[in-house]
Amino acid sequence: MSRVTNIAVAGVGGQGVILASDIIAQAAAGCAHDVKKNEVHGMAQRGGAVVSEIRFGSLVHSPMVPDGEVDVLLALELLEGLRHVHRLRADGLVVANELRVAPAVRPPGAQAYPRDVLARLRRTGGAVVTVPAAKLARRAGNARAANTVLLGVLSRHLDLPLEAWQQALRACLRPDLVEVNLRAFELGRRRRTAPKK
Amino acid sequence: MTVTIAEGAERVLLSGDEAIARGAFESGVTVATAYPGTPSTEILEALAACPGVRAQWAPNEKVALEVALGASLAGARAMASMKHVGLNVASDPLMTASYTGVRGGLVVVSADDPGMFSSQNEQDNRHYARLAKIPMLEPSDGQEAKDYAVAAFDLSERFDTPVLLRITTRIAHSKSLVELSERADHPPEGFVRDPAKTVMVPAHARRRHELVETRALALRDYAETCSFNRIEKGDRRVGVVVSGVAYQYVKEVRPRASILKLGLTHPLSPELIRRFARSVDRLYVVEELDPYLEEQIRAMGVKLSHPPSTPRTGELSPDAVARFLGVRRRRVRGPVQGLPPRPPALCPGCGHRALLTAVKRLKAFVSGDIGCYTLGVQPPLQTMDTCVCMGASIGVAHGVEKATGRSNNMVAVIGDSTFIHSGITPLIDVVYNQSPTTIIILDNETVAMTGHQEHPGTGRTARGEETHPLSLEEICRAAGVRHVSVVDPYDLKTTQDAIRSGLERDEPTVVIARRRCVILDRERPRRPLRVDAERCIGCGLCLGVGCPAISDVTPAGAKKKRVEIAAELCAGCSLCAQVCPADAITEVADSE
Ligand SMILES: Cc1ncc(C[n+]2csc(CCOP(=O)(O)OP(=O)(O)O)c2C)c(N)n1
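For the protein sequence lines, the chains are D and C, in the order given. Here the numbering used here is used: the first sequence runs in plain steps of one and ends on residue 189. Here the numbering used here is used: the second sequence runs in plain steps of one and ends on residue 594.
Next comes chain C alone, as it looks inside the complex (with noise of 0.2 Å):
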């Protein structure tokens, strides 16, 4: 998806990852890093269409703050835009970067996800605010999402510091009004020598990380005071701090309530919060996640009229709020029962599907990671026996067979981005301690499970220019590894035969399965596929691929299973076809 916002009306619909772009724009950012992850990822898609900025993708989150911040130490406003989990690879640069502080003002977005729509875990990030000591905004819709960013390029110069813009999915993917402003230039002077800023040897360090706490304590200062934190007085037997959307929930069952809205949420304002404290009967800390502000709040010695012990799990919502309030609501009617569920699936022709079957068929372990390729851990493939984080495969298919030998069965799957993400220092480390791992890198040619972004092995850069494609057999090679095939996994036999290899073989082995995505190849001229009734035995192994296209018609109290392909649905990959064992799947007739 792109999305055009540098130019049109007044007040436009946008979403709080285009708000954010478009307030980074507005400020005169000239440079914006990002790798995809949802819900970020529309925020460099926005900005790679405005004119001015050089918005690109970065092989790893880890890698965006570190050209990030190269910018903004060459004077350049910068900003660099992650997944909650993104913050993990980049919080060795984030640290450290809270030492030597910026010279353009440096912005990190983070993008939490709170109820995992789709993530591999919901930790809070505003925990990374206070670890860093860098200050931390948290817009609580679409125009705050923008003011904020334009603040937070402020706030980053003024104090010298890396700014956290932590938002959570309800605000990136929300649409709401914003009003525009136009664009503000901010050329970057250029790099400057001040060795004591920008090395960060022990004897500079520990100037600066002096320099970082009495930064803490202006930034204290400047919480009691900033605009960012607000008293709504209302009704004063009630009273609430809260901040994110958390905020509209509150406004929304309790609009009358007294609130004290926190938009900078590291670091808090002790004095402002307990002046708020005290003109309340009832206090109440409404918070998604860990309890951050709660834990801090109660240290200051304030009371709160609630137990600690608030669940922590999952993403508010209106109705949650009402509760925890005790605001009585209306009865309503629960989920209508025993609905069929539709979870997400992968797409008829997928090659993730032909590669993971043919590991099925070879009754291999398969140490997973992070794509749509996860998908396999569903019935009916459940091909899938690990999943931790981006580039994870690798380093535990090698554990397993360092504690075990080659006992275990095992192969580790990822796929393209992944492994350029994170993938080849653990591929080295296969080479260099000698396991004889099997490897298999799934070659979508995209970043699939995110909205189809580029990635260096694409050739195309964020901003569709042509670039250098990275030559992944090339890498494996360069690593070490001297047994690195291509297959096509359409090419059920020739793939099997690959992987079974790579398992007997007593050295590393990368099989790069390559495929288009499917979605992306639509024009592909495709001959959906048939079931031939009559050779039809009714084994069922072609439902055993798990494809949508494909559907078990076996008519109540028929001995023989029945199957029929959707044409319109079929992609014509012919992975059905290859495992059929009495050759009853064929192409459909150009007559018919």
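Just chain D, same shape as in the assembly (with noise of 0.2 Å):
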């Protein structure tokens, strides 16, 4: 039995986690492969903090990832990459916008945002990929993209065909969408990225 991959995608609420992660299950599924995915929204829009997850190999059992058992963090935010990084397998690789927003509300005692976000990151994540996401995705021809791009980068970490990928993109995204949305993914699969340590 082929090992089970583990993907989670964190972010902020807004910002297409669950559009991200329902793509790359859809790409999994494309594949004849077993598939279960995860999320929790409800209260988690509003600007608040979310996260999915997604698995796929010949046989998936459990919808969440047992901890340290991460192959790849996509973080659409560079705080709630941090937020989720003891999650990854100490091989894992965090995929990372650079990408800063600070959360909406600041309760009294919280901290800052911490200004060595990405430091730690590097510091506790082992390979970390970053990516100028939305500068990419305007290349592409919309600002918006930005999670596309990132899937292109993610798509060179993952065993799965260039063909799924589209196919997933076409299935999940809006018709007058898809074209951007390619392009996006494209410039995000050819960048050359070597994971830093």
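Derived by calculation from the structure, the hints in this document are not laboratory data. Heads up, a few of these hints could be off.
[Stated by the list, open to error] One side only, chain D facing chain C, incomplete, derived with CB under 7 Å:
#1 Arg38
#2 Ala41
#3 Pro55
#4 Asp59
#5 Ala96
#6 Gly101
#7 Gln103
#8 Pro124
#9 Leu154
#10 Gln158
[To be verified] Negatives, chain C to chain D, calculated, CB over 12 Å:
#11 Leu15
#12 Ile173
#13 Ser178
#14 Ala324
#15 Ala480
#16 Arg484
#17 Arg526
We put the beta carbon where it would ideally sit given N, CA and C, even for glycine.
Hints are included, so try docking the two chains, each in its own frame, into the full complex.
This is the structure:
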């Protein structure tokens, strides 16, 4: 039995965590994998933290990834990446959007947004690939396709064929957004990324 | 969110909610009703997109179940879906629907929320199946969610009983691959007169209660052999009895254990359980929340290999199950410490923030309710003093006033959907028993918290058809409230004046604060605001409204506070400008 691949997607409510994880799950399903995905929404909207997990392989049981078994953490925002980085395997990879979003509210006594968030992510996360996703998405024609750029980068590190990703993008996105997202995906996929320690 | 599941590929990724909707659709369900509630909402949303199904939002769960029962008595297959606390509201019809039984299959879905991702409690609704003496099915993934939904309708008709389909958040909101089948038509035969079955006066109900008990015995026999319960033979040293999503966790962390997987969790199957217990050396019961299985299994005289004191709060996880079963796991790291939390917040431009700011300036206590506005409990607003269950705000404020007279400066704050759900009867009580309560209805013209569903006040149905819009002001007047006013909460002074008059008046007052939810109001032209640094006196009052668009950017060591408004977030509601004592917040000029 092949090992199950585990991916976690973390970000801020409204950033598109759920859609990004739907696309990954759809791409895996398109390759005859067993797939499970879980997420917590509800009160997670309104700018709260959102996380979703996708698991695929020949047979997947739990929809929740056991601690310490995440293979790739896709961080749509750096602080949210740092919040989940401990769940990575020792040899896991972080694909991180170079984006800092301060929490919408700061309860009294709460820490400020950590200035050294990226350094801490590197320190705890092992291999980290950072991506200026919004910049690349604008180059593709729409800044809102930033998540798709990140999926393009992610796709280089997963054993799923290009066609499966393209089909998943077509299946999950509004028809008029497909072209720009396919371009954004390509830009991410072609980007030379050497994970830095 | 609308999900089309009525057509498409053979094996598709569906959430548990969508899978249940698909199962109901394939079973020929023709009437589906629900009141929104996380994590159950998507069931009805998915059914609303299915042809041939009358899928509708009810004003509350009790009504939903009664409508579904009526449809069933007319021979239709019917489903009522709700979150766990919704079944409290619907428990009255449920208890007696168990006596009347059904004609067309009647399935009640309860979506429980262990861990309370978005709920006020984590009650374990498996107890309802025992209380109502009706069968209960618990699926462990999407495919089973669909299959069990289909089977639930058959079971309901075969045993003449409502069936409880119980899921949890991790089933409702997890996606997995589900095989689709065709829809089987099930046209209703129409209502048949049969008072002994459908008129529950004592003479009839006594007879029906006996039938309920006979049915319970028949169901127990059925449980012994039905295909929902199965033994998976494995390592005979460890046996686990498990149901629901916890089954997946056991398979994950103890793949070789012997397992008795229970799909039908009420009634239990004593013979099967005893047989399984005899076949293994050590026996564990893995379950989330209450010791529902455990206590019944111990009562059968079966010995378990773990103490009865396992934690009963929060949700299970593969790791928690591993610890419980004593499975050695690799050491894992703990979360990074000291990170700022990221709680959800009211959106920039939310009318609730403006209203709560007005209440705060009056220094009133707030008898609160459930909805987006409950976020007002967080700093810096901190304008919520009670929150119990939907509709409780009005009754609680009334009670406080009865106990203390007017010495307590308290208002009741309730959302439009919550008011329609269960705020009308306590309002009638306020008028009837002559309490001078001040009630504020936050009318944002939607059920925002659960994802913007329609409700009777919006003038649209679950399927988007136009319908009569309920007038909140007319309802209040009809209840006998003589002082009903409608204000725009963006107008802080008028809103504050209206509430103040209510607090001073010796009669009930309703203030309807009407402002469409900003998320639905995206098309409205916005004029973002800015802080004029020259005029700003650094008092920080604008920060006190807790708007995500306003941030404190005071440099370290500076004496005067500096604030900034993020133009891309600002909705231009001008609340901050209205609280500013120095007129330092103004519209961004067109040239900027
Ligand atoms: C009995 C019950 N049913 C459903 C829910 C889930 N729920 C919580 S608040 C809410 C509705 C909120 O709508 P509204 O009062 O209009 O406030 P809004 O979120 O729009 O501000 C719902 C459906 C619940 N907590 N209890």
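Right, here's what the structure says about each hint:
no. : hint   : result
1   : Arg38  : holds, 4 Å
2   : Ala41  : holds, 4 Å
3   : Pro55  : holds, 4 Å
4   : Asp59  : holds, 4 Å
5   : Ala96  : holds, 3 Å
6   : Gly101 : violated, 9 Å
7   : Gln103 : holds, 5 Å
8   : Pro124 : violated, 18 Å
9   : Leu154 : violated, 20 Å
10  : Gln158 : violated, 17 Å
11  : Leu15  : violated, 5 Å
12  : Ile173 : violated, 8 Å
13  : Ser178 : violated, 5 Å
14  : Ala324 : violated, 7 Å
15  : Ala480 : holds, 34 Å
16  : Arg484 : holds, 37 Å
17  : Arg526 : holds, 18 Å
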